[in-house]
Amino acid sequence: MSLSFWLVAAPLIAAVLLLVLPKMGGAASRGLAIVGTLVSLVLAIVMWLSFPSGSTGFEFIGKIHWFTLPAMWHGTDLSVGLSFGVDGLSLPLAAMTAFISVLAMAGAKRDIDRPRLYYFWLSMVTAGLLGVFAALDLFTFLVALEVTLFGSFFLIQLFGRPGSPKAAIKFLIYRGFATVAMLVALVGIAYGLTGAYSHSGISGNLSFSIPTMLNEAHHLSSGILPAGVAGALLLVLLLGVFIEEAFVPFHTWLPTTHEYADTPTNMVIGGLLTKTGAYVLLRFGVGMLPAQIQHYGMLIAVFGVINILYGAFAAWAQKDWRRLIAFGGISHMGLVLLGIASFSAAGLQGAMFMIVSSGLLTALLFFLTGAIEDRTNTVQLKDLGGLSKAMPMISGFLLVAALGSLGLPLTSGFISEIQAFIGGFTAYPAASFVGLGGLILSAVYLLYAIQKTTFGPTAKLAEGLSDATAREYLPTILLTAFVLLIGIYPNLIGHLFGLSVQGLLGIGG
Amino acid sequence: MWNWATHPVSWLSFLGMLIGTVVILLLTLVVVMYSIYWQRKFIGWIQLRIGPNRVGPFGLLQTAADVFKLLIKEDIIPNKVDRVLFMIAPIIAFVPSFMALSVIPFSRTHVFTANIAVGALFYLALSAITIHGVMIGGWASNNKYALIGSMRSAAQMLSFEIPLGMSIVGVVLMAGSINLNDIIAGQQHSVWYIIPQVLGCIVFLIASTGELNRTPFDLPEAESELVAGYHTEYSGFRFAFFMLTEYVYLFAMAGLFATLFLGGWSGPWLPGWLWFAIKALIYITFQFWVQATMPRMRVDKVMPFAWKVLLPLALFNLVITAVLKAVL
Amino acid sequence: MGAAPFPVPTGSLLALGALLFCIGLFGALTKRNLIIVLVSIELMLNAANINLVTFSRLGVAPSLSGQVFSLFTMTVAAAEIAVGLALLLALFRLRKTSEVKDLNIHKW
Amino acid sequence: MFHYWNPYFLIVLYVVLGIFLPVASIWVIGPILRPNKPSEAKGSTYESGLEPVGDAHVRYNARYYLFALMFVVFDVETLFLYPWAVAFKKLGMFALTEMLIFIVLLVIGLAYAWRKKVLEWT
Amino acid sequence: MTMGPMIVVAATGFVVMILEFIFRKGDRRWLTVLSMLGVVAALVVAIIHFNAKPTFALNTIGVDPFASVFSVLILISALLVLLFTLDFSAKSDVPAEHTYLILFAVVGALTMASSIDLVTLYVGLELLSVASYVLVAVRTHSIRSVEGGIKYMLMGALGSAVLLYGMSFIYGISGTTNLMNLSGAGLQMFSTYPAITVIGFLMMLIGMGFKLSLVPFHMWTPDAYAGAPTPITSFLATLSKAASFGMLLRMLVFIFNAPGAHLFYWAGIIAAITMIVGNFIALPQRNMKRLLAFSSVAQAGYILVPFAMFGIAQSADWAGLFDSISFYLFAYTFMTVGAFAIVYLLERDKGSLDSDALIGLYQRSPWLAVALTIFVLSLAGMPLTAGFLGKFYIFVDTMHFSTIWLGVILFATSVVSFYYYIGWLRKVYQKEPVAEVTALSASPIMHTLVAVCVIGTLALGIVPALLLHPLAGLPWIYG
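Residue numbers (our numbering), protein chains in the order written: chain G, 1 to 509; chain Z, 510 to 837; chain L, 838 to 945; chain R, 946 to 1067; chain C, 1068 to 1546.
Among the hints, a few may not be true.
Only pairs whose alpha carbons sit at most 27 Å apart, straight line, appear in this in silico DSS-like list of lysine-lysine [to be verified]:
1. G/K170 <-> G/K109
2. G/K170 <-> C/K1498
3. C/K1092 <-> Z/K817
4. C/K1498 <-> G/K109
5. G/K382 <-> G/K166
6. R/K982 <-> Z/K817
7. Z/K817 <-> R/K1062
8. R/K987 <-> Z/K582
9. C/K1417 <-> C/K1498
10. C/K1494 <-> C/K1417
11. R/K1062 <-> Z/K810
12. C/K1158 <-> C/K1092
13. C/K1498 <-> G/K166
14. R/K1062 <-> C/K1417
15. R/K1062 <-> L/K933
16. C/K1092 <-> R/K1061
17. Z/K589 <-> R/K1061
18. C/K1158 <-> C/K1417
19. R/K987 <-> Z/K834
20. Z/K578 <-> L/K933
21. C/K1494 <-> R/K1061
22. R/K1061 <-> L/K933
23. G/K170 <-> C/K1494
24. G/K23 <-> C/K1092
25. L/K868 <-> L/K938
26. G/K319 <-> G/K389
27. G/K382 <-> G/K452
28. R/K982 <-> Z/K578
29. G/K382 <-> G/K23
30. G/K382 <-> G/K319
31. G/K23 <-> C/K1498
32. Z/K589 <-> R/K982
33. Z/K810 <-> R/K987
34. R/K982 <-> Z/K582
35. G/K23 <-> G/K166
36. Z/K578 <-> R/K987
37. G/K460 <-> G/K382
38. C/K1158 <-> G/K166
39. Z/K834 <-> R/K1034
40. C/K1494 <-> G/K109
FYI, nobody ran anything at the bench for these hints, they're computed from the structure.
With the rest of the complex left out, here is chain G (with noise of 0.2 Å):
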């Protein structure tokens, strides 16, 4: 057994635990699954140490032999199997998501209503994403996808405010097509690298290892894809992504989930799950069908560029801080999108960094408006006013978090969005100029929105307040601490991308 498969079982054994152990508290139900995730976290952090440098490879590998498919291609069985491993690509996502999720259950109300049950679908959704992020086969992958999906279903449905039901199922049908359009592409993709695609004649054994994927899709050894096969297989997964990220016109999930969806569960969807489709499109996008996207790079360029400003835009027509964040969340998914269009170092770097950095922010920015919404009830823009004098510390956090997400220098924002935009520039610089609108609209929303909720005159409900408590302390200096330490020190982080980065453009090369 290796770290990276405790990374994903950590969590998950401590769900069954939840759901096996009798008579457990909200303290000890808390404990329980904030340990294992930690578990997730310290190994995640030791990979993260003791990676090899100048791998731009799997590492940590574990496997289990699963069952086998038997004999259907001409002889050759299909083996499955509980596969995983960490690169420079996910191991960053992986501690993230470790990170966020462990801050979400400490940072969440002590008053959760059937608290083993929250925290068991918590600490599935956690092990869920985690095994998206560290599978090294696609069966796993599809697996733990669909237990991200059912999870985060059921944290909306179950503890969501009122009316969440139907945000819910309004979640799970839009993430469903997004699941199945993905597993139609990955099958697809799968097929075309490594087994016996019927057109071209050769038969390979089908594989669904992603290392051996990325391995045929390099050295295109066996299995040529024809163009347009391999053309539409990118679209399928287009398509899956668009849906999964929320991209117009496929958006409106986001903001009505983030809306009815209660705090750690916004932090995570926010923070985490809405980074999956990214993560599929750089992993098997860009690792496996290079050419394709580069072939497609304009159309997803331009979609990025349209992301961007209708995120921004819709963004700044919000009433309701969580559908202003979701909005933003799309504006900077939409970077990523641009950054992985222009398939050039600089952009695909600045596209990770943005998925980190988004993660964080995303996950602040939830986490601070739950924080105000405990004391005033509300996150209606129009109601909030004033709050800085109450709750001083909170609106300063708010305000760092609003600068990061608008990219100001030293927070992560300014890195991912300036490596983005380079990369942009060298590909798709008319569409790259278009983007920079974005840029200027997200500031005028964010500060606009941070003017009318903690400066001008006070509002009535804002009299009386406390500011953060102990409990509300530790997620949110440690996320800040993050979003500026990766701002001020970006190689942090960026030597894991750097690797990874070469490794996928040495495919494209």
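On the provided structure of chain G, position chains Z, L, R and C as indicated by the hints.
Only chains Z, L, R and C this time, still in chain G's reference frame:
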């Protein structure tokens, strides 16, 4: 034996067929007339009466006079009946009864017998069609007596058809054929099947009595309860055809009985047709004898009798026959 | 094969079967009385029987199995009709109807 | 040479004549001989001389259906016995055992109906 | 003894029947237990012969891999249904005929699975069907039961008429009813009489479509399912469907193995329509049994998907298709019987089939709630359950044989099915507004049944090798 199957049909043989069929029809009418006469005479003797003796010598023309009387009676179709069904019901009842005669081998050289391979089954199938005529007649009459009579009649004929069919299987088993001519041939080689099939013969006799709606199973027409049963509303010649049907069936059943159990037309010295006539007469007389002797059974005893007594007996007979046949 | 005096062509027998089948299908789908529907279904089964018997004598490769098949079919049809009538009887006892349109309790 | 159809020609003739006789006597000869003086009383349904009550197209007792069902089942089973009886000689012991099983099943069916009081005329 | 399982079950059926009318008083549930013992014995026989060489008595009925797999499947579901019945007959007033009618239906099903002659296949189908009609309407005092039975009977009879008509054409142009002979004759048949072959194929497909409740021949399904006693509903949904699929598979594959792709494409089209319509009309259902009925329509569509590929695949590759069909049927049996078991408990508890009866189930009986969650997730096709693996396997098939559009429809419509399946789960975990909650009463029998189904669903989902391994070694195509 000459039969139709060995030569292709020509216009000449077709004409022969036609003439033969007409002859059989006329013969049947005569037989029916005189079996009715015989019935009245025979029962009269049993009851120490004289029977018909006014019309013609010994009353021989009595039945002819009855038929003529029916022919000149007014044809009444009541207002509330279902006219079409009411009118065709006697025909539906009559046609199969006449058709049933087509498979009965009357004599050794009788050329007007349809020598088909499924003779016995054919007979059973036709007798089931008559039930439709009876039911349609009863229903179309829109009369409660007629309805109940026809329902009873149908239920009874259905019930007795099962043991009847089962008892024939015993004979078929002996002969190894359903063709009635083959069955006769089988009896020529061994003994009349009444000897080995004595149980089957008894079942056949009782079941055929029920099938023919004759005493003691004549409750469909129990006049004290149901006026005249299913033909209550019928009069004139339509009624005559229901009566005709009954007696044609009596004749046909007699022929079937003679064929299955008494060796049909086969026998020493006498010509085949005479042997057949004698044997058929035995059956017919037996029926009249029973009619004169037995009281009518109660309705709740008849149907269970068919199912609980006759059917098991027939099955038992079947098993015994099969086992003996396999062992010997 | 018996040289029939007026040989019956396979086609016309099959057409008879097809006609019966279509009448039966039409009846089964459009008639309102359940008993008529049952009878229509019996017609369809008999259409198949006609086919089987036709093919068994006049088919591409005549064989006895067609006739055997039709024997079985008759039995099966009898069993089906027996059960069908029993169910109709049960329905009539409960609902006093034998119309297709009255089979609507599940919509309530 | 065997002419399979020929007997059936004969049977068709029987059918034709069987229809001809009643049609001729009822519709052709009858009208010439018989009087025709319809009246309301003649046309009324006979109910022992009283005014008929209601319609006779009523529901009949369910027991008739039960017997009809029994008939359908047993008649078809009888049907199977005929080919068996014909082929019995050729098939020998095998046919005997087969048919004994079949008859046992029949008897079980009969016993079932007996036990369920289907055979009673109540 | 190639007909072992059939003879054992039939004999048990008659013994139970006779015992039933000898002992007419008292608690007669031991008759059901006796039936179960008979089925177990038959199962043992079937398993002993699992890998037997293909042999056929009288060239008609016997064992081959096909018969083995489907017999085991049928007997397992028969066992589950009888266990279900055992509890049901204790609680409600059903005639004792119930038990042995199930056994006779099982005999029919086994015949369908293990016969290679159209005549016996048809007779088996009718034995199953006629017994099922009676079983659905077995509660003669319940108008719903009788109405469901009549609809089922009418549609079933219509289906068998169509099927028979199709069979008659196939017989006519080949001169044989034996599938072994037919399998060689297919190509010649098709080249000489293409139109009649297509008509025969379609009629057989449509005829079986009525039995399998494929759209658009599914109209009877919800009414019959809702009207029947719940054990019988689960019987219809699993055993009857499995046997019918077995028969369809055998007929189509043996007869039409030569005519090629475009014939089987019809199956694909029907599968697509079935999946789409089945899932969409299930959406507004509130009655739990009706919903499961529509979901079973959709499931039949999923199972039909591999049928579309027999024409495309080389016969050497068919093993995968057979495997995926039988795997899904096994999975489907466990999850469906389990779901019906819990629906039945709720129905008895609340006296209603409205899905609101699910509310608060988690509070009342957490174990049953979790079990239901597993069944429903499996039906919806979630990972770690048998349902997902079954679907995935079928999907891999479609991928491999370039029928990906069917695979896409399969998964896309399962997303639609999330909506109603998850609707249930939502209610299960919703809190009941009442303060005092009572546990859902369930007998040990029902607990056993649910447990068995849970184990089956999970085992096939997590350790699929249990089933895949025995399946893999089978020489499906022989001779």
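Now the hints, each set against the structure:
no.	hint	in the structure
1	G/K170 <-> G/K109	26 Å, holds
2	G/K170 <-> C/K1498	22 Å, holds
3	C/K1092 <-> Z/K817	24 Å, holds
4	C/K1498 <-> G/K109	20 Å, holds
5	G/K382 <-> G/K166	25 Å, holds
6	R/K982 <-> Z/K817	51 Å, violated
7	Z/K817 <-> R/K1062	11 Å, holds
8	R/K987 <-> Z/K582	13 Å, holds
9	C/K1417 <-> C/K1498	16 Å, holds
10	C/K1494 <-> C/K1417	15 Å, holds
11	R/K1062 <-> Z/K810	14 Å, holds
12	C/K1158 <-> C/K1092	17 Å, holds
13	C/K1498 <-> G/K166	17 Å, holds
14	R/K1062 <-> C/K1417	37 Å, violated
15	R/K1062 <-> L/K933	24 Å, holds
16	C/K1092 <-> R/K1061	14 Å, holds
17	Z/K589 <-> R/K1061	39 Å, violated
18	C/K1158 <-> C/K1417	14 Å, holds
19	R/K987 <-> Z/K834	61 Å, violated
20	Z/K578 <-> L/K933	46 Å, violated
21	C/K1494 <-> R/K1061	46 Å, violated
22	R/K1061 <-> L/K933	24 Å, holds
23	G/K170 <-> C/K1494	17 Å, holds
24	G/K23 <-> C/K1092	48 Å, violated
25	L/K868 <-> L/K938	10 Å, holds
26	G/K319 <-> G/K389	22 Å, holds
27	G/K382 <-> G/K452	8 Å, holds
28	R/K982 <-> Z/K578	17 Å, holds
29	G/K382 <-> G/K23	44 Å, violated
30	G/K382 <-> G/K319	7 Å, holds
31	G/K23 <-> C/K1498	19 Å, holds
32	Z/K589 <-> R/K982	18 Å, holds
33	Z/K810 <-> R/K987	37 Å, violated
34	R/K982 <-> Z/K582	11 Å, holds
35	G/K23 <-> G/K166	31 Å, violated
36	Z/K578 <-> R/K987	19 Å, holds
37	G/K460 <-> G/K382	12 Å, holds
38	C/K1158 <-> G/K166	38 Å, violated
39	Z/K834 <-> R/K1034	8 Å, holds
40	C/K1494 <-> G/K109	25 Å, holds
When each numbered hint is compared with the structure, violations occur for hints 6, 14, 17, 19, 20, 21, 24, 29, 33, 35 and 38.
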